[in-house]
Amino acid sequence: MKKIVTILSLLVFVVSTMASVFAMENTGNYRKGKYKYRGMAKAAFKAGKSESKKPNLDPSSKTRAQWERLFDKKDFSEFSCPEDWKKLDEKDLLNIYAYLYKYAADSPTPAKCK
Amino acid sequence: MNFKSIKTAITCLSLMAVAVVSMASEHDEHSSHEAKYAPATKKHSKILAKVDHSQFKILKQKFKSGDELTKACLTCHTNVNDDMHKSMHWTWQSKTNPDLGKDSLTINNYCISAGSGTDKACYDCHIGWDGKNGEINCLKCHSQTLMNWQEAIDDATAMEEEGDEESLEMAAEVREELHDSVVNIGAPNIENCGDCHFNGGGGDATKHGDLDTSLINVSKEVDVHMSPDGQDFTCQRCHTTVDHQIAGRKYNDPASLPKDHKSLIEDDHASKINCISCHSERPHDIKRLDDHAKTIACQTCHIPSLAPIYATNTKWDWSTAGKMKDGKPYKEYIKGLHHKAGYKSIKGTFTWKKDVIPDYMWYDGRFSNMTAKDKIVPGQPIYINRPLGTPHGKNSKIAPFKHHRTNQPYDTVNMTLLAPLLSTPEGYWTKFDWQKAFTLGQKSIGLPYSGKFDFTWTDSWYPTTHMVRPADQALSCIDCHAKDGRLTNVSDVYIPGDHGNKYLDIFGILLVLATILGVALHGLMRFIMSKKRKG
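As given, the protein sequences belong to chains A and B, one line each in that order. For what it's worth, my numbering labels the leading residue of the first sequence as 1, then goes sequentially. For what it's worth, my numbering labels the leading residue of the second sequence as 115, then goes sequentially.
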């Protein structure tokens with residue numbers, strides 16, 4: 001019983017710190033993130049794994065909260081090439097997150113008559 | 115069947131016979147097809163001599179700003195700046211009336227007013243890098259690879275400054291992409307012009323039902339002229355351009371006064387353009403159709419509907435803007451439509467329609483345009499812009515238009531329509547505060563705001579002139595010559611078959627029937643003749 005409690009609390013701890021990685025530490029370099037993100041789409045296209053050179057999701061496809069959740073869970077299944085995402089290191093992920101977060105649907109980037 | 119009706123029938127039949135005989139001889143002798151169209155003349159192809167710009171060293175620099183890039187173009191193309199600064203693409207102002215123009219007091223019933231340079235987002239579709247501050251971005255019209263050049267220049271420059279290995283690597287890649295786009299120079303293609311003209315009013319297909327992204331690689335069924343399978347025209351094939359003055363109607367500067375017409379068969383460049391510049395006034399083999407073209411604009415018969423592919427915005431209600439979900443602005447997209455919202459917190463409620471039948475009105479090529487300082491009269495309709503013309507007037511013809519209705523804000527004391535500031539951190543789209551938006555917006559165009567506002571419905575019309583369908587999709591006789599036909603609401607025109615007078619109508623219908631027969635006969639004759647020729 002004691003063991004289960006320890007494991008559980010450890011799990012809770014891990015999950016909560018994981019969550020805070022993206023929620024609190026929004027320290028990535030969004031510019032690098034942008035080109036890394038676009039580069040992944042291009043690479044997937046070159047390898048014949050997707051139909052477009054452009055990423056299938058725009059930053060504005062989701063709200064900030066939605067990006068946060070996605071990165072917390074590390075659930076990259078919605079991107080055109082999820083396997084490649086597994087290979088990214090933490091720094092790249094932080095950079096990409098910074099980019100997507102900065103231009104998310106509910107970010108203050110000005111809207112257009114467009 | 116009584117004697118009287120038999121008698122009528124006989125009269126009718128004989129009348130028809132007479133008409134058919136007269137129709138059959140209607141075939142216009144001097145209308146052999148060939149030589150009526152204006153092929154691209156030699157003069158035209160000379161201007162488009164393609165030069166490989168990747169050979170020019172000066173374009174290989176690491177540009178730190180858009181202005182720097184343009185200055186490199188101008189070292190060789192020395193006169194473009196002077197020419198372009200005179201054009202409406204730079205001034206955003208009418209030459210004939212300084213109150214008109216996007217940078218002046220002109221309003222529409224989409225995003226209303228560009229606020230003389232204050233509403234930053236509206237200047238995305240100015241040809242400058244930063245509106246009128248600085249140089250022209252030639253690439254918008256001339257690069258054959260569209261991209262976000264400003265972003266690329268800013269990012270590459272920033273990453274080069276950061277200087278770490280990864281940044282430099284990325285910067286080099288961005289530079290390469292930028293360079294490829296900068297040297298891929300040519301005459302404007304449809305996407306260049308379309309980047310602005312297809313997306314005005316709030317997005318793709320929003321303002322115009324005949325100018326939208328469906329024109330990129332369009333099928334001949336939708337546009338005989340711009341389709342790669344049709345004539346593969348660029349925009350400027352019709353909008354002829356001399357010294358960067360692009361021909362075309364805007365505001366009350368008409369395109370279709372006969373005195374301005376120069377046949378494009380004789381010359382590639384004319385300052386005013388219209389269908390007849392290429393097709394002549396008698397393009398048909400059938401005289402009856404040429405006769406119609408004296409009263410009816412070509413577009414009326416040859417563009418049977420608007421927005422055949424993507425739905426266009428027909429109604430907009432600003433008064434519902436500003437609703438929030440969980441304290442945040444939101445959008446609701448309509449299922450089945452190409453990225454079209456039914457509601458946006460920043461803009462209000464929208465109605466979209468596909469395959470719209472246009473409004474038909476008398477039109478002499480001029481428009482009346484309302485400005486932000488014109489007074490509105492309670493209880494009277496408010497026409498933001500309206501085609502001008504007089505029934506059967508010398509230059510007037512019945513032409514098709516896209517009609518748009520909007521519930522938009524007005525000043526209840528000064529009785530003028532209001533120009534809200536929308537973009538920028540203080541604008542309505544960020545603050546959702548109408549009072550603030552009107553105060554700042556009105557100030558930017560130098561007009562007062564009383565502090566009191568309400569909403570009122572307004573109407574606007576835009577010409578329908580693109581998306582000419584193949585000839586066999588033209589309106590047929592019964593689209594007009596039938597009860598409540600297409601032109602039934604047009605003032606002062608008698609259309610056989612459509613209107614009240616019974617006797618006139620019976621005769622009219624017969625006349626039309628006879629012509630239809632004549633047309634059919636004519637078609638049959640053509641068919642037989644072509645068989646003969648082939649055989």
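Derived from the structure by calculation, the hints contain no laboratory data. One or more hints might be untrue.
With beta-carbon atoms standing in for the labels, derived distance ranges [unchecked claim]:
{"#": "1", "chain 1": "B", "residue 1": "Trp571", "chain 2": "A", "residue 2": "Asp106", "range": "27 to 33 Å"}
{"#": "2", "chain 1": "B", "residue 1": "Ile423", "chain 2": "A", "residue 2": "Gly48", "range": "15 to 21 Å"}
{"#": "3", "chain 1": "A", "residue 1": "Pro108", "chain 2": "B", "residue 2": "Asp196", "range": "36 to 42 Å"}
{"#": "4", "chain 1": "B", "residue 1": "Lys550", "chain 2": "A", "residue 2": "Lys87", "range": "18 to 24 Å"}
{"#": "5", "chain 1": "B", "residue 1": "Ser564", "chain 2": "A", "residue 2": "Thr109", "range": "29 to 35 Å"}
In silico lysine to any residue, SDA-like type, Cα no more than 25 Å apart, as pairs [stated by the list, open to error]:
{"#": "6", "chain 1": "A", "residue 1": "Lys102", "chain 2": "B", "residue 2": "Lys234"}
{"#": "7", "chain 1": "B", "residue 1": "Lys458", "chain 2": "A", "residue 2": "Tyr103"}
{"#": "8", "chain 1": "A", "residue 1": "Lys42", "chain 2": "B", "residue 2": "Lys234"}
{"#": "9", "chain 1": "A", "residue 1": "Lys36", "chain 2": "B", "residue 2": "Leu624"}
{"#": "10", "chain 1": "B", "residue 1": "Lys334", "chain 2": "B", "residue 2": "Thr348"}
{"#": "11", "chain 1": "A", "residue 1": "Lys74", "chain 2": "A", "residue 2": "Lys87"}
{"#": "12", "chain 1": "A", "residue 1": "Lys36", "chain 2": "B", "residue 2": "Gly317"}
{"#": "13", "chain 1": "B", "residue 1": "Lys442", "chain 2": "A", "residue 2": "Lys53"}
{"#": "14", "chain 1": "A", "residue 1": "Lys53", "chain 2": "B", "residue 2": "Asn331"}
{"#": "15", "chain 1": "A", "residue 1": "Lys62", "chain 2": "B", "residue 2": "Thr348"}
{"#": "16", "chain 1": "A", "residue 1": "Lys53", "chain 2": "B", "residue 2": "Tyr457"}
{"#": "17", "chain 1": "A", "residue 1": "Lys91", "chain 2": "B", "residue 2": "Asp278"}
Just so it is clear, CB atoms sit at the ideal spot from N, CA and C, and this is done for glycine as well.
Each hint, compared with the structure:
1. B:Trp571 x A:Asp106: 27 to 33 Å: 32 Å, holds
2. B:Ile423 x A:Gly48: 15 to 21 Å: This hint is violated: roughly 30 Å between Cβ atoms.
3. A:Pro108 x B:Asp196: 36 to 42 Å: 40 Å, holds
4. B:Lys550 x A:Lys87: 18 to 24 Å: 49 Å, violated
5. B:Ser564 x A:Thr109: 29 to 35 Å: Taking Cβ atoms as reference, B:Ser564 and A:Thr109 lie about 33 Å apart, which means the hint holds.
6. A:Lys102 x B:Lys234: 20 Å, holds
7. B:Lys458 x A:Tyr103: The given pair, whose Cα atoms are some 18 Å apart, holds under the 25 Å limit.
8. A:Lys42 x B:Lys234: Measuring from Cα to Cα gives roughly 32 Å; hence the hint is violated.
9. A:Lys36 x B:Leu624: Distance ~72 Å between A:Lys36 and B:Leu624 Cα, so the pair is violated.
10. B:Lys334 x B:Thr348: The hint holds at about 14 Å.
11. A:Lys74 x A:Lys87: 12 Å, holds
12. A:Lys36 x B:Gly317: The given pair, whose Cα atoms are some 29 Å apart, is violated under the 25 Å limit.
13. B:Lys442 x A:Lys53: Violated. B:Lys442 to A:Lys53 sits at ~32 Å, over the 25 Å cutoff.
14. A:Lys53 x B:Asn331: Holds, because 19 Å separates the two Cα atoms, which is no more than 25 Å.
15. A:Lys62 x B:Thr348: Outside the cut-off at roughly 37 Å; violated.
16. A:Lys53 x B:Tyr457: 31 Å, violated
17. A:Lys91 x B:Asp278: 15 Å, holds
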